[in-house]
Amino acid sequence: MSKKRVKSTKQVKDERFGFLMTVPAMIFLALLFVFPIIYSFGASFTDYRLVGQRKISFVGLRNYITAFTEPNFLNSVKVTLTITVGALIVEFILAMLVAGLIVNIKKGQGFLKTVYLIPMMVAPTVAGLLFRFMLNDDFGLLNVILKSLGVISSNIHWLTDSKIVLASIIYVDSWTTIPFIFLLMYTGLSSVSEDVVESGKIDGANKIQIFFRLQIPIIKPTLIIALVIRFMDVFRIFDSIYVLTKGGPGKASESLSLLIYKTNWNKYNVGYASALSYIMLIFMILVALLIQYIGRDKDDIRTRRRGER
Numbered sequence: 001m002s003k004k005r006v007k008s009t010k011q012v013k014d015e016r017f018g019f020l021m022t023v024p025a026m027i028f029l030a031l032l033f034v035f036p037i038i039y040s041f042g043a044s045f046t047d048y049r050l051v052g053q054r055k056i057s058f059v060g061l062r063n064y065i066t067a068f069t070e071p072n073f074l075n076s077v078k079v080t081l082t083i084t085v086g087a088l089i090v091e092f093i094l095a096m097l098v099a100g101l102i103v104n105i106k107k108g109q110g111f112l113k114t115v116y117l118i119p120m121m122v123a124p125t126v127a128g129l130l131f132r133f134m135l136n137d138d139f140g141l142l143n144v145i146l147k148s149l150g151v152i153s154s155n156i157h158w159l160t161d162s163k164i165v166l167a168s169i170i171y172v173d174s175w176t177t178i179p180f181i182f183l184l185m186y187t188g189l190s191s192v193s194e195d196v197v198e199s200g201k202i203d204g205a206n207k208i209q210i211f212f213r214l215q216i217p218i219i220k221p222t223l224i225i226a227l228v229i230r231f232m233d234v235f236r237i238f239d240s241i242y243v244l245t246k247g248g249p250g251k252a253s254e255s256l257s258l259l260i261y262k263t264n265w266n267k268y269n270v271g272y273a274s275a276l277s278y279i280m281l282i283f284m285i286l287v288a289l290l291i292q293y294i295g296r297d298k299d300d301i302r303t304r305r306r307g308e309r
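Take 1 as the starting number for the sequence shown in the UniProt record's numbering and just add one per residue.
Hints may contain errors.
Below, simulated SDA-like cross-link-like pairs (lysine to any residue); rule was C-alpha separation at most 20 Å, straight line [claimed, not checked]:
| id | residue 1 | residue 2 |
| --- | --- | --- |
| 1 | K106 | I164 |
| 2 | K207 | K78 |
| 3 | K246 | L183 |
| 4 | K220 | S257 |
| 5 | K251 | I118 |
| 6 | K106 | L183 |
| 7 | K55 | F41 |
| 8 | K78 | K220 |
Read the hints as simulated data drawn from the structure, not as lab findings.
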């Protein structure tokens, strides 16, 4: 009994020591993450400004109410949703097609994967600078190529025409992020058993039918995860827009993140910028939960309910 008690006491001491060793890290994480969240949440209910203010006043929900009546906010939401929906459609379709092709190639698969993943290694800011020169109105490489092929007779204003600037941003964003979605899809497709493919062939299905009716449904959980990650990433798009257009022409490409940045650092309105940030955060969480709810496995839910009964 005494030996067991001694061992138990030692374990307790070890656990306490281990906990004490994690305290500095916990304090650091609290200061790094928790404090800014609490601070900004509190600021969203005030008229706090960085300059020209002596007293900070509590304004309640005024900042949140103002957001939904301000044209700049409504415009930025429209821009952000347009970019998000457009980018997700383009990225998932192209990534799905490329993953489906490469997974069926026997030779040179490793080389093709490596080449296709190169854009993912480029930072969004660097990619933005690269495409800012490529899409330049006067000497951009894309206009030069299209002119030499006889496709266009005059330069296209990719970044200064309000009608096509969002399409240009979607193009740049897709170039940098399609490899990530491709990687997830390729990994999922590679894990599909050959028996599934063979059974489809035996039933008379061609490659396209096997891909869309057998392989894609199997990797549905992977697709849902990829969709949630990409939605949350592209909805807060900032880097590429800031480098490419800074929200122009006018406010034609001003995303919600860029509006928050300008509100905080150009207008020094911390309270209102904080409110915009939390509106954005709440919307992202709700949409992410909705995507997971819609994409849930209904057969798995039925099985669980039967088990509970």
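Hint-by-hint comparison with the structure:
1. About 40 Å separates the Cα atoms of K106 and I164, which puts this hinted pair outside 20 Å; it is violated.
2. Using a Cα cut-off of 20 Å, the hinted pair K207 and K78 is violated, with the two alpha carbons roughly 39 Å apart.
3. A threshold of 20 Å between alpha carbons decides the hint, and for K246 with L183 the separation of about 31 Å lies outside it, so the pair is violated.
4. Taking the CA atoms of K220 and S257, the gap is about 30 Å. The hint is violated against a cut of 20 Å.
5. A C-alpha spacing of about 32 Å is found between K251 and I118, which places the hinted pair above 20 Å, so the restraint is violated.
6. Taking the CA atoms of K106 and L183, the gap is about 17 Å. The hint holds against a cut of 20 Å.
7. With a C-alpha separation of about 18 Å, the suggested pair K55 and F41 falls inside the 20 Å cut-off, and the hint holds.
8. Under the criterion of a C-alpha separation no larger than 20 Å, the hint pairing K78 with K220 is inconsistent with the structure, at around 29 Å.
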